[in-house]
Amino acid sequence: MEVARFWRTNKQRYQLVGEECPHCKGKIFPPRDICPTCDKEAKVPYVFSGKGEVFSFSTLHQAPAGFERYAPYTVALVKLSEGPMVTAQLTDVDASDVKIGMPVEMVTRVLREDGERGMLVYGYKFRPA
Amino acid sequence: MSFMKPSKPVGIVGYGSYVPRYRLPGEEVSELWTEGNAGLPVREKSVPGLDEDVVTMSIEAARNAMKRATGAHLTAENLQQKIGAVWVGSESHPYAVKPTSTIVAEAIGATPFTQAADWQFACKAGTEAFQAAIGFVSSGMAKYAMAIGMDAAQGRPGDALEYTAGAGGAAYLIGPIEDALVEIEGSLSYVTDTPDFWRRQYEKFPEHAGRFTGEPAYFGHIMSSANALMEAMTLKPSDFNYAVFHQPNAKFPLKVGGELGFSKKQMEPGMLVNDIGNTYAGSCMIGLTAVLDMAQPGERILVTSFGSGAGSDSFCLRVLRKPEHNGAVKTRDYVARRKVIDYAQYTRMKGYYKLN
Ligand SMILES: [Zn+2]
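Taken in order, these protein sequences are the chains called Y and F. If you number the first sequence the way the numbering used here does, the last residue is 129 and the count never jumps. If you number the second sequence the way the numbering used here does, the last residue is 356 and the count never jumps.
Calculated directly from the structure, the hints in this document are not laboratory data. Among the clues, some could well be false.
Computed footprint of chain F on chain Y, listed as stretches where at least three residues anywhere in the stretch have a Cβ under 8 Å from a Cβ of chain F [unchecked claim]:
1. 9 to 19
2. 51 to 61
3. 64 to 71
4. 78 to 84
If you want a taste of the chain Y side facing chain F, the calculated C-beta under 10 Å gives, among others [as the list claims (entries may be wrong)]:
5. Val44
6. Thr87
7. Met119
8. Arg127
Here are a few chain F residues that sit away from chain Y, every Cβ distance over 12 Å (derived from the structure) [claimed, not checked]:
9. Pro25
10. Glu27
11. Gly109
12. Phe212
13. Ser224
We put the CB at the ideal spot given by N, CA and C, even for glycine.
When you get a sec, could you build the whole thing from the sequences and use the hints?
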């Protein structure tokens, strides 16, 4: 597992820190330094509230390598209340209870672990609000 | 006797708790290992989900503490940069080497200019962090300090501890009295070398010295620490509205409280063990959050922890004002949010199965 890649994204994974465009005030997540709305430079950090709703979702029964112990789990497109859409796992919910439009909130959870000897990766998931 | 009173008054500026969603009823354990014959030390216990550990639970409790700490005169941003310490007490830190506290500090936005450390003293690791935070703030070395007691405890399958070893805990933001919800009037620590319970390095499960864990360990230390604090402050049990003791099972805290002279009515608001099990370093700390959710200004609270090995910290607290919750979940609401699991689901959540 690439430790440096995870370390660089700590702030966005732990706290949902994205960016705000100084020109059109659009909120950006994940941070990409260029506003997707007006194509201008946008580097002002912005902490998202973590509130949102389920836009779409899918339950995985065959998990990819590294996520086997969590299966089955639900991955959702979450529309954050500030606008941007993020892909994330849902947690603390049974797959049969997930509905489109369901209000959710961000929590920090274990995303995966690199075997028994490797590092633990923490980051955002969403649960029913 | 070394009674501890901060030279500059300090208090609890914010508090928050966390309990995972899953519950394992005692009958599930009793059915599997004793054909249902064993008496249950608690009704059920909380179990962390597959993606939860002391880091994630501490983060949520600390966020709840931050929510209650922020208000008209204190915004999240100016608070974050003034947190001079993030301390996590636990006996189940996810890494043997690599601090829990740096991850928590990063997640609550307190990095990089802050102290961070993991504390260890069995079930009193949380209250010792709390006690140290009082000194850190009172001395002026930090404006605010976050002290957390959190555990995802281990109990060997079939052992008596498997019924009770639960998960959860609480976070306290200690700060100057002007910002405080609760004043810390004084505290005291009582420690001896008493080997009642331990876990050697590289061992998965703890060992305990059977009956020895009762009289000389739990009862001896809690009685000595609580009595010494009350004596030092010339207070008696009737001067307190509430008392919260370490809760390894449903019987011990009521018994020790009764022997000290406290009534069931004083103890019940902080008793959570029948619903969530023993949360070890989080135990009396989360009990206190349930009390603070309902306590009225002017009311006084005694809190006494117990940690095997052994020691006990006692605190005398006085409520100054009611908190604004600002979206922070109340402790009894976490307790009520529950999904019952069976023993098979439990073994999976505890990671007892090897998948590859
Ligand atoms: Zn823009």
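To see whether the hints hold, each was checked on the structure:
1. 9 to 19: Satisfied; 4 residues make the cut.
2. 51 to 61: violated (count 0)
3. 64 to 71: This one holds; 3 residues, not fewer than the three required, reach chain F with a Cβ under 8 Å.
4. 78 to 84: Result for this restraint: violated, n = 0.
5. Val44: Hint on Val44 (chain Y): violated, closest Cβ of chain F at ~14 Å, above 10 Å.
6. Thr87: At about 16 Å, which exceeds the 10 Å cut-off, the nearest Cβ of chain F leaves the hint on Thr87 (chain Y) violated.
7. Met119: Holds, because the Cβ-Cβ distance from Met119 (chain Y) to chain F comes to roughly 8 Å (cut-off 10 Å).
8. Arg127: 9 Å, holds
9. Pro25: Per Cβ check, Pro25 (chain F) is outside 12 Å of chain Y; nearest 19 Å; holds.
10. Glu27: 22 Å, holds
11. Gly109: 6 Å, violated
12. Phe212: 34 Å, holds
13. Ser224: 39 Å, holds
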